[in-house]
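Asks: Okay, here's what each chain looks like letter by letter:
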Amino acid sequence: MTDVAILGVGMHPWGKWGRNFVDYGVAAAQAALADAGMEWRDIQFVSGADTIRNGYPGYVSGATFAQALGWQGAPVASSYAACASGATALNAARAQILAGLCDVALVVGADTTPKGFLAPTAGERRDDPDWLRFRLLGATNPAYFGLYARRRMELYGATPGDFARVKVKNARHGLTNPNARYRKEVTEDDVLGSPVVADPLHLLEICATSDGGAAVVIASTDFAKSRGTKAPARIAAISTVTPTYPNTVIEMPNFATDSSAGVKPPETTFRDSIAAKAYDEAGLGPDDLDVAEVYDLSTALELDWYENIGLCKAGEAEKLLNDGDTTLGGRIPVNTSGGLACFGEAVPAQALAQVCELTWQLRGEAGERQAEGAKVGLTINQGLFGHGSSVIVIR
Amino acid sequence: MAKTRVPAIEGWFTTGDEPALVGSRGKETGSYFFPKSVAFSRNPAAPAEKLEEVALGRRGRIWSFTTNYYPPPEPYVAPDPFVPYTIVAVELPEEQMVVLGQLAEGADPAALKVGAEVELVLGTLYEDDEHEYEVWKWRPV
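Quick note, the sequences are listed as chains A and B, same order.
Take the first sequence: its position 129, counting from 1, is numbered 129 in the working numbering, and each next residue is one higher.
Take the second sequence: its position 106, counting from 1, is numbered 106 in the working numbering, and each next residue is one higher.
Everything labelled a hint here was simulated from the structure, so no lab data went into it.
Predicted model, so just to flag it, every value in this text is computed and none were measured.
A couple of the hints might just be wrong.
Straight-line alpha carbon distances no greater than 30 Å define the calculated DSSO-like cross-link-like pairs of lysine-lysine that follow [what the hints assert, rightly or not]:
#1 Lys113(B) / Lys313(A)
#2 Lys113(B) / Lys264(A)
#3 Lys277(A) / Lys230(A)
#4 Lys3(B) / Lys264(A)
Isolated chain B (complex conformation) (with noise of 0.2 Å):
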């Protein structure tokens, strides 16, 4: 029987054919946060702003990225045997920030290039014995 799929946190992603991260954003200035703002504004600008919940963009370019070859300390659900995973910083052209996310499962990290577009899509971040953990993943164009 296939596992049940459930995010590995509430409230930060969207689900479906085409996933997009939840952020803010604020509708005095257009600033946005990741993860979202719900009470406050972080822009010491427009201290109090009202904030909108927004999906971020889902294509942005590499701003770096590297890949763990030794396994994290918990809370990180290490496979056993443990596999070498690749986190990437990318740049999301409308929001003017940079996001933090691991590489799509399958994808090559050898073939990554700084500026290289990659877009947003849901991955398992690990796994028990009746739930697949999701989590978003960047995967290259």
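Excised from the complex, chain A in its bound form (with noise of 0.2 Å):
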């Protein structure tokens, strides 16, 4: 039994409020330890989600939430992993929990984003990648974004208007969600007027950046128990492979993939086995979702995903989409909470509020935008420099 219980889930409103991160988690913080029933003073240890925007606060965010919080002598650990910072900050606090270390752990991810495309350090760092895709080449992350929707037009005839569904769908997924910041339906026309970013791809179809706080509190099953929680929703799996030689598949923030020339690529790719290590640790399969949050950093991408967390075979995501089966009310919801299309991203905080949004979903308690009867829900998510990040959740 590796399960470990989520006793309670929060989050900061995402939005471009100009705070200070700080406040954002905490105030995340302070709605999981309400909604877990938990004192500040009782939680054991403590995960944060770093962000490198913040300066040194971020570096250490488990330290600085700790200490906004009121020092309380509880262990911290500061994770960072990209956009896949909160999966990781969560691993590292049901680690402690799966080997006896400590009974109950607050996990906490937030951010604060400057205006405009995601940028490297500053500075003159020539032996950095991510300085240098944007110095030499100017890849910014939509770019990469582009390349990857355009080879889905090649492979699998993919069209602007299957892309422009996906951002519509989420549209009105996220419009009762009070934690979202855009809160608007979009029609396709909306979409495929907007100015081109990143060939074939419109600025609606890409997610803004934004200021926002996740924060979850996990126990042990029998603390949750000697608790008296009833049927908490349970972490069964939590995935954070890295890729394995060769990556076949150019990735943020390289130049090149790996050469295949020397060795034969594996037989799964990267972004398929991401989920793969999590529905093998939960001993569940894709038939036995009900609910996924998926990655959705441009429209293209969430089709991707569909495939790599096999929803559909490679090709059909399109018809998937086109059918209804991922919207609200069809198969497999994906991305009731609305995505990064209705939240732009706030980067430690993003794979929290992905498993935020499951926990609503399984206790029925997602209002408008729930999906009757979710019992298993699985997240998915990609950081730069491989980082995987799948948890799947179940009640």
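Since each chain comes alone in its own frame, lean on the hints to assemble the complex.
Replies: Below, the structure written as structure tokens:
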């Protein structure tokens, strides 16, 4: 039994609030503690998901949040894994619990983001591939998304309309989500009429950068039982895998893929391997899923994820979308929260926000965006520099 | 007076009539690396293999491409007014890897096709009062 119980979840709404990231993290932590019915002083371990855009406090986020909540002596950890930081922080806390080193832990991620493109760390950094890709190529994050989208069109005949309909779906899902930044219905014409950023992708198809915070209180199942918590949502698996050499898909921030000249590529691609590890750990498969939160950095990437998590075969994601299977009320609703399309990305909080949404769905507390009778959910996400992230939540 | 042409980065490509990217190759497995790796092999099947510096193939086929219509943040040196530019991902047949590069000046992005052949050339990345900074680019054959 490797499950841990989710006692509480909480978020600070996403937006462009312009305040210190610590404010959002503390608000999210307090909400998660209240949801758990726990006192901060009873938390035995604090796991922070770092931000690299807010100076030193962001690099030591576990301690930053612990100090802001009021020092109470709990050990801390701070994790950075780009977009996957939340899952890595969650996994650090889970390991403490499963090892019997503590009973209950608080996991927090929060960010304050600059306007516009995410940029590399400042300074003249000629040994840093993240700096060099901007300098020598102008390869922004959306440029990589554009490459993937064009590849999808070439391989599977995906159309700009298919991509736009992902945004239309997610915008509708997030309409009533109180934590979402964008709560406005959009049409296919709105999407295709917005300026092209990195063709074939338009402005409304690429996620914004946002401020926000998310937190989760997890505990051993024995601890949950001792507190009388009835049927809590549980984490059945966390995958934080890295690629296996040679990784044959071009990934941020790289200039080139690995070479397959000397070693045959693995049977499973990196992106396929992320969910595969989580399924394996949970003893579940794609057919068991009721809901999924996937990382829609772009509309086209959401379609890639359908295939990477096994909702359909390669090349069938457009059909799955267009048949309404991934819309609320469909066979397997994807991004009931509204996804990054409605949130924008608050990097270290995002993987935790996905877990918050699944918890509300599995408890039946998601209001107008509730997927009926959801019992099993999966999150998927990927951080640059080779970070996989997938969490399976069951109830 | 003509400006002096200098590489935008040292050691990543050769110049001359037939410029090429400089990579490295594992002597044991034949795995290629770009940018070149000097001290160690990133192939876990042969962690101790010796590496040799090699020129990568100058021709490949387009894996995908995209045109950027918004000025990227620094350290990209964007012209004012901004000019959109195209990034091409190219599959090299011998090396069995995909390498990114900008599309050469003068080439029409609307005419690009996935699978079409391109070759490596040098082009201007940006310039200042005295220098033109060169970088590798891909040009349709």
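Asks: Decide, hint by hint, whether the structure agrees.
Replies: We went through each hint and held it up to the structure:
no. : hint                  : in the structure
1   : Lys113(B) / Lys313(A) : holds (25 Å)
2   : Lys113(B) / Lys264(A) : holds (27 Å)
3   : Lys277(A) / Lys230(A) : holds (29 Å)
4   : Lys3(B) / Lys264(A)   : violated (46 Å)
Hint 4 from the earlier list is the only one contradicted by this structure; the remaining hints agree with it.
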